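> Knowing the structure of chain A, use the given hints to seat chain B on it.
Protein chains: 2
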Amino acid sequence: MYRTHTCGELRLSDKQKKVTLSGWIQRSRDLGGMTFVDLRDRYGLTQLVFNMDTDASLCQEVRKLGRECVIQAEGMVAERSNKNPKMPTGDIEIQVKRFSILNSSVTPPFTIEDESDGGDELRMKYRYLDLRRNPLKNNLLLRHQMAYETRSYLNSQEFIEVETPVLIKSTPEGARDFVVPSRVNAGQFYALPQSPQTFKQLLMVAGYDRYMQIVKCFRDEDLRADRQPEFTQIDCEMAFVHQEDILVMFEGMVKHLFKAIKGIEFSSAFPRLTYAKALEKYGNDKPDLRFGMEFVDLTGSAKGKGFSVLDSAAYIGAIVAPGCTEYTRKQIDELTDFVKKPQVGGKGLIYIRMGTDGSVKSSMDKFYTPEDLLAIAAVAGATAGDLVFVMAGDKIPTLKAMSELRLEMGNRLGLRKKNVFRPLWVVDFPLFEWDEETKRFYAMHHPFTSPKPEDVQYIESDPARIRANAYDCVINGAEVGGGSIRIFEEQLQKKMFKTLGFTDEEAKRQFGFLMDAFRYGAPPHGGIAFGLDRLVSIFAGEDSIRDVIAFPKNNAGRDVMADCPAEISEEQLKELSIKVVKL
Amino acid sequence: MYRTHTCGELRLSDKQKKVTLSGWIQRSRDLGGMTFVDLRDRYGLTQLVFNMDTDASLCQEVRKLGRECVIQAEGMVAERSNKNPKMPTGDIEIQVKRFSILNSSVTPPFTIEDESDGGDELRMKYRYLDLRRNPLKNNLLLRHQMAYETRSYLNSQEFIEVETPVLIKSTPEGARDFVVPSRVNAGQFYALPQSPQTFKQLLMVAGYDRYMQIVKCFRDEDLRADRQPEFTQIDCEMAFVHQEDILVMFEGMVKHLFKAIKGIEFSSAFPRLTYAKALEKYGNDKPDLRFGMEFVDLTGSAKGKGFSVLDSAAYIGAIVAPGCTEYTRKQIDELTDFVKKPQVGGKGLIYIRMGTDGSVKSSMDKFYTPEDLLAIAAVAGATAGDLVFVMAGDKIPTLKAMSELRLEMGNRLGLRKKNVFRPLWVVDFPLFEWDEETKRFYAMHHPFTSPKPEDVQYIESDPARIRANAYDCVINGAEVGGGSIRIFEEQLQKKMFKTLGFTDEEAKRQFGFLMDAFRYGAPPHGGIAFGLDRLVSIFAGEDSIRDVIAFPKNNAGRDVMADCPAEISEEQLKELSIKVVKL
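Read top to bottom, the protein sequences are chains A and B.
Sequential numbering of the first sequence, starting at 13, is according to our numbering.
Sequential numbering of the second sequence, starting at 13, is according to our numbering.
A hint or two may mislead.
A pair holds if it fits inside one copy or across any two, identical chains being indistinguishable in the list.
Each computed PhoX-like pair below joins lysine-lysine, with the alpha-carbon atoms no more than 25 angstroms apart [unchecked claim]:
1) 137 <-> 520
2) 506 <-> 137
3) 412 <-> 298
4) 149 <-> 228
5) 109 <-> 27
6) 317 <-> 359
7) 109 <-> 507
8) 315 <-> 359
Simulated from the structure, these hints should not be mistaken for lab results.
Note that the structure is a prediction, hence the values are computed from the model and not measured.
So here's chain A without its partners, still in its complex pose (with noise of 0.2 angstroms):
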C-alpha cells in the first residue's frame, strides 16, 4: 500500500505516530512561515503541515503543487494548536518529512467543492471529476450501502439472489424494448429486459419460492422528467403468499433500510389507501402524506346558489391552507395561474378567506352570503386564519388539479421536508384501464395480475370495477414500488386475455412458454419491484434519481462523458447483417 492510514483515519490517540498518507490535494494555504495542504481520500482529509524553519525546500516544493495533484506524504502525527471541531480528523495533523508527487494534475474545469462552480453540462462532460465531489460521493456510497442492506434483509428471509437472463426475446408488444443484433444468428436480434418479470415467475413455476434480484432493467423511451434509459430495480418474488405476506414482508424491508441507514425506526405498520381512497383524498394515486391538506368533497353540499361554475360541476372539491388568511392578491394570483398551467389543467382557483376576526372573504361573495361561505368552510374544516381553495370542473381532471395545488402549497408552506418520511401502502388497484383513443382495456400493472377474488365475477359484464391484488409502496410523493399477486390458474388467465382482447394465438405468440410453464403445476405466487434508483435518491434527499447514479445518461439519453450512442463502422454493421436506414 501507498498508505499506512487513510485521510478519515487518525485521531489524537495516534500522536507521534509515523504515518504515510496518499492522496488528492484539496486546497493549500501558504502562511510565509508555513504551508498547509488539507490531503484528500474517500475517507476524508487530513491537515499536513510543512514548516520552513524546519525543511525550507521541501516546504517550497509543496508550494508549487496544485489543486487535485496526487502525493504520498510521510511524517509525524502532531496535536493541533488551532483544532477544527467540523473535522473528524480535526484534533490533528502531519508534520512531513517527505513527500512524493505521485501524479499531476492539470487545472480541473470547475472547483471540486460541496457547492461546485461548474454548470450541468460540464460536470456531466467531467463527471470523474465531479464524482470526486463529497454531495455524489455521498450518494454512491448510500447507494452501495442501500443495496447491501436489502440484500441482507432478504437474505435473512430466505430470498436467493437469481441472475436472469439480459439478452432475452423481443415481444410484440415491446415496442419500448432496446434490441441487440445477433452476429451469429444474422437477422435475429434478441431485446434487453423492461423486467425481469417472465423469468421470475418461472422461478416461481421452478419451486425456488422466494427469489430476489438487483437487476438493471431497459427501457427506450422518450426521456421524460426524470427517467434513464437503463434504471435499477429490486426485484422481488414470492411463492405461496396472499397480498399481506408481500405488504409484511417488504414492508419488513423498508423499515430496515430505515433503520440501518437512517436511524429512524417506524414503530408502527405503514398507513394504507385504497386506489380509490387516495384519489379522492389527495388526487393522487402516489400521495405525498408529509403534510395533511386532503381533499374535503363539496359537490352535495356547495351548489344552488346560482353560480353556474359551481352549480354545473361534476365534482366540487376543497382544500384548506392552514393559516394561509393574509395571502395578498399577488400571490393567489399566482397560485390560479399555476392552476390553469395546460400540465396542471385546472380551470380556475375560487378562494375563501378565513378572517382571524371571524370575517369571511372569497371570490364567489357575489353568489354566496357569508353564512354560506362560513358553512362551506365548515364542511372544508377550516378555521379562522385559513385560506381555502375550491375547485369545481369534472371530477378526476379536477382531483388532479387540486394534487398539484396541494404539492405547490406544500412546497410553499415547506411542509416536503427532505428528512422526513411517510412510507405508505396503496392498494385495490383497478385491473384494467380503459383506453379511450384505441377502445380497449389495457392491464393497469401487467395480464397476470390478480383480480380480488369476489371481484372477478364482473369481469364479462363491468372490468372497470374490478379491483386488482396489486400494490404501490409510496414514500413521500413518489411510488417506490409496485407489484402484485400473480394469476396462477390457466381458465383466469385466459378470461383476462379475453377481455384485453387478445386472441388464444396472440396470448401464446406473446406469453408462450410462460403459459406452457404454468400447466406444469404453477403455484400460488406474488412479487414486487422497487426502483433502487428512486429509493436512494429519495434517502438521499435528492431531486434527480441522476444524483444517485455514477454514470448516468442526459435527457437524451446520451452519455456525454462517453459520447455515446455513437456510429459504427460499416463493418461491424455487415457484421450484424445490419444496414443504417437515413430518413
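Just chain B, lined up with the frame of chain A:
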C-alpha cells in the same frame, strides 16, 4: 401464507403440532390401506400419510393426483414408525386431515429426479422444470451464497459496489461488442460492455479507492467450449496499491469463500508460480495442482545417442506416471493417439517402463542402453514401477502437448478429484504477445497493464521480454480470476501505445475520455476480475458453467426455451432506423 411450515423444516420435536404444508407431489405410494405422498418444496421433502381406515374418501382423492401437482395439506405431525435417516424430515410424517389442490400439472416431459431421463435439449427447453431438480437447485443456491459471501467479505474491506453502465460506447477494436441501436438517436448505437474496465479505472480517478461490482458482461463471439454470450464477473479495483496488496486482498476473498461455503480452511498462502515456471513445469498458465507429474527438462541430458527424434529436438521433456509400469501396449497406444490428435499436437510419445525388478524397457531401446535409460529416468525422478513419458519437438508446442497428456493421465489415475481444491497465483505474465499474422504486438492483458519497473528499459529494444504486473488466480486447472496493476503515468502509457502500434490519434479515439481523466490526478491503482460462473462451477463440481446459470444460452447463443434471438417486426426495425441485410 399457504403454509405454516416449509417441507424441509419439521422434526420430531414438532410432534403433535397441527401444520399446513404446500408444495409439489414428488411421488406417491399406494400401499392399499395407506397412501404415502412425498411433498416437495425448495427446502426439502416431507412425507404425507393418508389412511383408508381414518378417511377413505380423502385417501381415494389423493390417489388421483399425479406428480408435480401443487397441493396444500393440513394435518398433524406424527412420529414415523419407519424412519428414514437419509431425509432431514425422515423422523416424522404428516397425518393429513384435509388437502386442497392449488394447481394441477400435466405430465412433465422428463422425470424431476436427481438423475433425470431427459436429454439436454429437452431439459433446456423446459428449463423451469429442470430447475426443479436438486442438482440445479443446489447449484443456484450455492451461486447465491457465493455472491452473498463475496459482497460480505468485500464490504468488510471497505469496497463499495458501484453500478457501471450497460449501455456504453463501442470502440473501434470492439469487434465482438454486442451493439444496441438507439431509437431516439437514429443511426447511432450503444454497445454492451465486455467488461467495466474503463469505468472502474475512472472510479479510481474519482477517488473511490475500493470498487467492486458483481456485473454482467457480454461478448458476441463464436461460442467455443463452455462460453456464454452473457457472463458474470466479480469486478474489483483498488487505488494506492501494489501487486502484493491485491494478491493478499483477493486471496483473502477466495479463502473466505472456501471457509464460509465449503468449510475448507487454507492455513498457508496460495502457491505462486511465475508464468515462465508454470509453462516450464506444467506447459500451461493455469496448471492443475491437484496432482504432481511436473515436467522434467531432458533437453540437456537425453541427446547424443543417434536417435534423431531427440537429437533434432529443440526441447525434450518427461513426465512420470507413478506406478504405471504395467500399462498395456493398448493403453500406451491410446495415449500415443491422444497426444497426436490435432488439438493436442504432439508428434509422438516415447515411454520408458521402470520394472519393479529394476529392469527397464523403452520404445527407444534401439538407441539407448538400459544404463542410458536408467540415467534418463533418474533425471526425470522416476523409480521402480513408474512409467516415464518422453516428448520432444519445438518447445512451446511440446510443452502444450505434454500439458494435455499430464491432464489426461490425471483423469485416468483419478487424481483430479472434484472435492479437492488447489488454488494458486500465476504471476509475471509477459506484457506483450507477438502476433505472427499481423506482425505486431498485442497487450496480453490490456493496454493499461503496467510493466514491471525493472523491465521498462526494454520497451523499445525488446518488448517481448517485459514482464507485466499481471496475475491470474487459478483453481484446479481453471483460470478463475485475472488482473493487473494499471499504468497511471501519462508518459509510460504513451510508450505503451507506441509499442502497440497505436498512433496518438487512434489512442485518443479509442480511449479518449480515460486518457483525459488520467490528466487530472490519477492515483496508482490495480484490480482483478473473477469469473463468477466458473468459480461457482468449480465449487459445485460441475464441468459446465451452464449448470450454474439459471437460464443459459446453448452453444449457438440461443435460448431454446424462449426461442431467441428471433426476428423482429418491420415496424420495430423502422422505428430503430435499421434494416436487415440479407446475404
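> Does each hint fit the structure? Answer for all of them.
Cross-check of the supplied hints:
{"no.": "1", "hint": "137 <-> 520", "result": "between (46 angstroms within a copy, 16 angstroms between copies)"}
{"no.": "2", "hint": "506 <-> 137", "result": "between (51 angstroms within a copy, 23 angstroms between copies)"}
{"no.": "3", "hint": "412 <-> 298", "result": "within (12 angstroms within a copy, 65 angstroms between copies)"}
{"no.": "4", "hint": "149 <-> 228", "result": "both (21 angstroms within a copy, 24 angstroms between copies)"}
{"no.": "5", "hint": "109 <-> 27", "result": "within (15 angstroms within a copy, 73 angstroms between copies)"}
{"no.": "6", "hint": "317 <-> 359", "result": "within (19 angstroms within a copy, 108 angstroms between copies)"}
{"no.": "7", "hint": "109 <-> 507", "result": "neither (80 angstroms within a copy, 33 angstroms between copies)"}
{"no.": "8", "hint": "315 <-> 359", "result": "within (17 angstroms within a copy, 103 angstroms between copies)"}
When held up to the earlier numbered hints, the structure conflicts with hint 7 and nothing else.
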